[in-house]
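S.K.: Start from the sequences, fold in the hints, and give me the full structure.
Okay, here's what each chain looks like letter by letter:
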Amino acid sequence: MRPAVKVSVLVRPKEGILDPQGAAVEDSLRKLGFDVSGARVGRLVDVEVDAPSEDEARAQVDEMCRQLLANPLIESYAIEVQPQ
Amino acid sequence: MSVVAVVQFPGSNDDHDAHWALKALGADARLVWHAETELPHRTGAVVLPGGFSYGDYLRCGAIARFAPIMDAVTRFASDGGLVLGTCNGFQILCEAGLLPGVLRPNASLRFICRDVAVRVVRNDTPFTSRCTPGQRLVIPIKHGEGAWYAPPELVEELEANGQLLLRYEETPNGAVADVAGVINERGNVMGLMPHPEHAVDPLLGSGDGALILASLLDAARERTDALLTA
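These protein sequences, in sequence, are chains A and B.
Position 7 of the first sequence, counted from 1, bears residue number 7 in the numbering used here, the numbering being contiguous throughout.
Position 120 of the second sequence, counted from 1, bears residue number 120 in the numbering used here, the numbering being contiguous throughout.
It is worth saying that the hints were derived from the structure and are not from the lab.
Possibly wrong hints are sitting among the right ones.
Stated by the list, open to error - If we take Cβ atoms under 7 Å as the criterion, some of the chain B residues that face chain A in the derived model are:
| id | residue |
| --- | --- |
| 1 | V102 |
| 2 | A107 |
| 3 | I112 |
Note that this is a predicted model, so its numbers are computed, not measured.
We put the CB at the ideal spot given by N, CA and C, even for glycine.
M.R.: Written out as structure tokens, the structure reads:
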């Protein structure tokens, strides 16, 4: 059996979209004394895809993002194929 | 007689309230489980109630759109059937692509539960026919993720089309353009964050929500009668 391709998807609030969660996290970090700015909170989705190649797995995950994992109005996504 | 189908998803919690309110207004309202694949015979309108369907996993409403009944709801809407989504139902309709935009976490990150004032932009729709244009309605909201958002060019287009049907007098949640409710271009699908089913009796604070539900029932009856005589 071929091994599944491990893929990670990083979903982020799109640039320019107000991210209240990120702002709250940033505020808390500042209260801890860290000098930070630009905190944004997104989501990580790991999946194992049964696909013949990494390219094919990437293409499938891209389709998953379009159909479900990200809402294109407010979120951008990045796909990372984990080395085998 | 026209049937109003109130869909129950796992995690819906305003299904019985909506069912009760519609019945109190004289409707033949029926609860329909999400695993059903067909709407009841002679369904004249569908209501997607509030709640936390599928635990709000991923994004609010993102999973519910895959429920078996949603194929029937989508077909019903594309045939011109009337669909109303309140709160989580609104989120589901946006995620399903039946309504424009998306609902985001409240700007305050707080769950808000209180009465709000909204203005009815138009009354030439199946959901607002019993209102007057510009009428002020007081209806409660109760949500953590009710800030409607759409990109500026889409907001402009929707506003020009009169699709931003309900506007908050003062946005409680950070919604773009003070949007409390939107209607699709065809005019047969509407979603709103306020809960009309919680405002059908002045004894409970306000009867203003009944105007929206009764408008829907009028239109559902008309449509079913027309289909039966056609």
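S.K.: Does each hint hold? Answer for all of them.
M.R.: Quick rundown of the hints versus the structure:
1. V102: holds (5 Å)
2. A107: holds (5 Å)
3. I112: Violated, about 13 Å.
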